[in-house]
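Please take these sequences and the hints and turn them into a complete structure.
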Amino acid sequence: MNKNLPSDYHMHTHNSGDSDAPMKDMIESAIKCGLSEICFTEHMDLDFPITKSVPEGTFTLDIPSYRKELFSYRQKYQDTISIKYGIELGLQSQIIAQNSRVISDNDFDFVIGSIHLLDHADPYYPEFWEGRDEESVIRRYFVSTLENIKSFSDFDVLGHLDYIVRYTPTHGAGYSYRKYKEEIDAILSYLAEHDKGLDLNTKSLTRGGSDPNPNADILSRFRELGGRIITFGSDAHTPDEVAGCFERARKIAVSCGFDSYYTFDKRVPTAHPF
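Take any residue in the sequence shown, count from 1 to its spot, add 10: that is its number in our numbering.
These are computed hints drawn from the structure, not numbers from a lab.
Please read all numbers here as calculations on a predicted model, not as lab measurements.
Every residue gets a Cβ at the ideal spot worked out from N, C-alpha and C, and that includes glycine.
Hints are not guaranteed to be accurate.
[Unchecked claim] List time: in silico EDC-like cross-link candidates among lysine to aspartate or glutamate, alpha-carbon distance up to 20 Å:
#, residue 1, residue 2
1, K160, D195
2, K261, E234
3, K261, D221
4, K160, D205
5, K94, D35
6, K94, E38
7, K189, D164
8, K191, D227
9, K94, D72
10, K86, D35
11, K189, D221
12, K94, E79
13, K78, D89
[Stated by the list, open to error] What follows is a list of derived Cβ distance ranges for each label pair:
#, residue 1, residue 2, range
14, Y177, D30, 17 to 27 Å
15, P179, Q88, 39 to 49 Å
16, E203, P74, 12 to 22 Å
Okay, here's the thing in structure tokens:
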């Protein structure tokens, strides 16, 4: 147990289409890790491509059911851990109106805006990469990210900025901030200018990688450009992943010039010094 760990602000349960985890088990795991606050951020990826392994509606969140369950556990655990109500919203240009309604019709504490697709296809699957040039795809992903956050800005942090690198055929070999500096700087500048934050996502670290998403070079550049808000996210889909590699990630954040992490209540950020 480490009571100095940052709050975990990227967690999934059975309410997300790619997790079977009971919410209670995720909460109990967070308590065992010594966390004083967590935020569930269930997937809502509207118009997600339908495949044999991803049936229609897989990433369409049943918000009333999710909210009811979370608020029940929030009351049950109110003397032990603070539980915030969040969502991870998949951004695509053709669903701006639908995404806007999701946010305006609900009382979320926190919203992650994430880009999981490129050209309405999922880079998670090896077949996505067939016949494609890896460098060109990564560059287009960053260009698409900027377009998406400019066209829909009702989010608090950008999820796992260099997410696509996790799934390249070379597993990110040869990838660097410098290679895509122009595209990445445009994203970071926009976020900093509009007081949006970054999700310091530790999933890659937990799975044996050497860097979080985004990596340290990007985090440092964000700080240089005036970015101040970072949240810590394990991207946990199972209880054993909660707060994964958070101590290591905290050290990375400090080395990149950050002196605080942030939590949110009704979309209002609060800084917590390391």
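Hint by hint, here is what the structure shows:
1. K160 / D195: holds (14 Å)
2. K261 / E234: Distance of about 18 Å is within 20 Å: holds.
3. K261 / D221: holds (12 Å)
4. K160 / D205: holds (13 Å)
5. K94 / D35: Distance of about 16 Å is within 20 Å: holds.
6. K94 / E38: Answer holds: K94 to E38 is near 15 Å, not above 20 Å.
7. K189 / D164: This hinted pair is violated, its Cα atoms lying about 29 Å apart.
8. K191 / D227: holds (10 Å)
9. K94 / D72: holds (17 Å)
10. K86 / D35: holds (14 Å)
11. K189 / D221: holds (16 Å)
12. K94 / E79: OK: K94 and E79 at ~12 Å, within 20 Å.
13. K78 / D89: holds (19 Å)
14. Y177 / D30: 17 to 27 Å: holds (22 Å)
15. P179 / Q88: 39 to 49 Å: holds (47 Å)
16. E203 / P74: 12 to 22 Å: About 36 Å separates the Cβ atoms of E203 and P74, which means 12 to 22 Å is violated.
This entry does not satisfy hints 7 and 16, going by the numbered hints stated previously.
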